[in-house]
Amino acid sequence: MNYWPLLGVASVVAGFALRLNPMLVVVAAGFVSGFAAGMSLPDQLALLGKSFVSTRAPLLIVLTLPVIGLLEHAGLREHAQRWIAGLYYMSLSLLLICYMALRQVLGALGLTSIGGHAQTVRPLIAPMAEASARKTAPGLDATQRERTRALAAATDNVGLFFGEDIFVAFGAVLLIQSFYAANGITLEPLSIAIWAIPTAIAAFLIHALRIVVFQYGLKRSAETRP
Amino acid sequence: MIALAYVWWLAAFVFAAAAYFDLRARRWSNALFWALMAVVFAAGDTILAADKAGDRLPTQLAGVAVVVLALLAGTGRMRRNPPCTADSGLREASAQRLGHRLFGPALMIPLVTTMLVVLAPYLASDSWRLFPAGNATVQALAMGCVLAALYALHVTRSRPSQAMRESSRLLDQLSWAVVLPMLLAALGGVFESTGVGNAVASLIGQIIATDSRLACTIAYGLGMVVFTMIMGNAFAAFPVMASGIGLPLLIRQHGADPAVVGAIGMLTGYCGTLLTPMAANFNIVPAVLLELKDSYGVIRMQTVTALLLAAVNITLLYILAFR
Numbered sequence: 001m002n003y004w005p006l007l008g009v010a011s012v013v014a015g016f017a018l019r020l021n022p023m024l025v026v027v028a029a030g031f032v033s034g035f036a037a038g039m040s041l042p043d044q045l046a047l048l049g050k051s052f053v054s055t056r057a058p059l060l061i062v063l064t065l066p067v068i069g070l071l072e073h074a075g076l077r078e079h080a081q082r083w084i085a086g087l088y089y090m091s092l093s094l095l096l097i098c099y100m101a102l103r104q105v106l107g108a109l110g111l112t113s114i115g116g117h118a119q120t121v122r123p124l125i126a127p128m129a130e131a132s133a134r135k136t137a138p139g140l141d142a143t144q145r146e147r148t149r150a151l152a153a154a155t156d157n158v159g160l161f162f163g164e165d166i167f168v169a170f171g172a173v174l175l176i177q178s179f180y181a182a183n184g185i186t187l188e189p190l191s192i193a194i195w196a197i198p199t200a201i202a203a204f205l206i207h208a209l210r211i212v213v214f215q216y217g218l219k220r221s222a223e224t225r226p
Numbered sequence: 001m002i003a004l005a006y007v008w009w010l011a012a013f014v015f016a017a018a019a020y021f022d023l024r025a026r027r028w029s030n031a032l033f034w035a036l037m038a039v040v041f042a043a044g045d046t047i048l049a050a051d052k053a054g055d056r057l058p059t060q061l062a063g064v065a066v067v068v069l070a071l072l073a074g075t076g077r078m079r080r081n082p083p084c085t086a087d088s089g090l091r092e093a094s095a096q097r098l099g100h101r102l103f104g105p106a107l108m109i110p111l112v113t114t115m116l117v118v119l120a121p122y123l124a125s126d127s128w129r130l131f132p133a134g135n136a137t138v139q140a141l142a143m144g145c146v147l148a149a150l151y152a153l154h155v156t157r158s159r160p161s162q163a164m165r166e167s168s169r170l171l172d173q174l175s176w177a178v179v180l181p182m183l184l185a186a187l188g189g190v191f192e193s194t195g196v197g198n199a200v201a202s203l204i205g206q207i208i209a210t211d212s213r214l215a216c217t218i219a220y221g222l223g224m225v226v227f228t229m230i231m232g233n234a235f236a237a238f239p240v241m242a243s244g245i246g247l248p249l250l251i252r253q254h255g256a257d258p259a260v261v262g263a264i265g266m267l268t269g270y271c272g273t274l275l276t277p278m279a280a281n282f283n284i285v286p287a288v289l290l291e292l293k294d295s296y297g298v299i300r301m302q303t304v305t306a307l308l309l310a311a312v313n314i315t316l317l318y319i320l321a322f323r
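Those protein sequence lines, which keep their order, are chains A and B. Just so you know, we're using the numbering used here here: the first sequence kicks off at 1 and counts up by one. Just so you know, we're using the numbering used here here: the second sequence kicks off at 1 and counts up by one.
Simulated from the structure, these hints should not be mistaken for laboratory data. Quick reminder that beta carbons are idealized off the backbone N, C-alpha and C, glycines included. Hints may be right or wrong, so weigh each one.
Claimed, not checked - To be clear about the criterion: a stretch of chain B counts as covered by chain A if any three or more of its residues have a C-beta under 8 Å from a C-beta of chain A, and this derived list gives those stretches:
hint: 1; stretch: 41-47
hint: 2; stretch: 177-189
hint: 3; stretch: 259-271
Unchecked claim - Only pairs whose alpha carbons sit at most 27 Å apart, straight line, appear in this in silico BS3-like list of lysine-lysine:
hint: 4; chain 1: A; residue 1: K135; chain 2: A; residue 2: K219
hint: 5; chain 1: A; residue 1: K135; chain 2: B; residue 2: K293
hint: 6; chain 1: B; residue 1: K293; chain 2: A; residue 2: K219
Turn these sequences into a full structure, and let the hints guide you.
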């Protein structure tokens with residue numbers, strides 16, 4: 001067993017810890033583990049190029065940018081904020097918990113493309129979260145505003161990750177099934193997907209509680225501030 | 001039929017537009033960066049076909065392009081657009097005028113995409129299909145975006161060039177962060193080909209006490225979290241941890257339920273995804289999209305949830321797998 005390629009992993013960890021530019025860290029780590037595995041430079045360039053070109057799918061969010069850009073230019077975020085501010089019953093925790101529940105349920109039905117950081121969080125959920133946080137803490141300072149927006153993104157991630165695994169045709173379920181099939185264990189996708197439900201419920205409860213605690217923190221800081 | 005290639009060309013067009021506007025604004029590094037991306041997207045299928053046919057020059061050139069992209073980003077030559085606040089008065093007025101109509105195109109992207117994904121099997125006759133067989137999500141998303149863009153142009157009464165100008169502005173604001181997920185996925189491919197996964201699995205196998213059920217369960221769960229954090233992706237970590245600990249120790253030696261080991265193990269890996277900058281499209285890109293000052297801001301908000309959930313998952317794994 002050649003352990004030297006692990007140097008690539010070590011350089012990723014070191015690079016992120018030192019907060020070097022991630023693009024440089026990633027390419028450098030690729031070369032480190034390539035040289036450690038004894039590959040020649042032309043081979044490594046070909047491998048890097050091939051891997052890069054084969055993984056274009058995550059970049060398709062750029063297709064949403066013309067729409068989002070146009071709407072933002074026309075005041076979408078301003079409108080979303082004013083609308084939420086006008087709904088008297090809407091609070092930060094209600095907004096984010098409902099969004100998370102929606103994302104989990106739709107994810108479990110296989111409808112994961114219905115949300116996302118570029119499609120829904122930036123134009124809609126983040127400004128709405130900010131407007132509803134202002135109701136709890138009218139003098140929202142820069143740090144609280146930043147943390148509220150980060151929480152909106154975190155809620156999208158939690159909702160997505162712990163909903164999609166319940167869907168039987170989702171990649172993760174099929175990956176697990178094919179891994180076992182290759183090792184001589186036959187399983188139905190449904191029998192795997194069903195075991196994602198306890199975790200999905202736990203994820204919902206834990207994150208919902210954290211959202212409520214966050215809102216309580218905003219309330220406390222608003223009350224103690226003169 | 002809408003082939004996958006059209007979608008890549010459309011993305012290449014968005015990148016090319018950004019390159020054009022940056023060229024006109026004399027931001028040379030940005031223009032080169034987006035131009036390279038446009039070429040990679042437009043020529044991608046040709047590059048892969050040439051590689052399959054045994055001609056390695058195109059893939060090597062793509063590798064050189066990746067190195068140039070990283071150098072442009074890493075040397076700080078790319079200028080990031082500041083979020084524009086200048087015409088906020090205009091935006092307020094337009095928001096007042098258009099009201100709820102602004103939500104239409106924004107909601108159209110997810111709704112049209114979802115509808116097309118669901119209806120894809122029916123959008124076909126004997127000899128004709130709207131989407132090629134197999135996964136239609138990518139094409140459906142592209143269609144959703146095009147239709148929503150047309151509707152947005154209608155609602156905002158803008159010219160098409162305005163849409164491209166806005167997307168170029170956003171790209172310059174996101175800058176290299178938008179490319180990071182693709183580069184990290186590529187690193188995953190490189191790690192796999194250089195045997196990093198096997199090395200990790202054999203290391204872990206040497207360390208843990210194999211005759212304790214609890215030790216194996218904890219090692220498997222924590223291994224999924226840590227290895228997912230390193231690879232940025234639970235999909236890459238699962239085969240390594242499952243063949244290193246899950247299958248030989250938990251299932252074969254201790255008789256755990258394979259379905260539980262698979263499902264909850266994968267979800268424990270997802271807790272690692274919430275904790276790592278390597279999962280850039282979930283953790284770093286949103287921080288840039290939401291204009292956070294701290295690029296690890298999203299990870300910070302996820303840390304407590306991820307750690308609590310990982311603990312719950314390992315407990316569930318222990319209880320449910322050996323029930």
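Out of the numbered hints, which ones does the structure contradict? none
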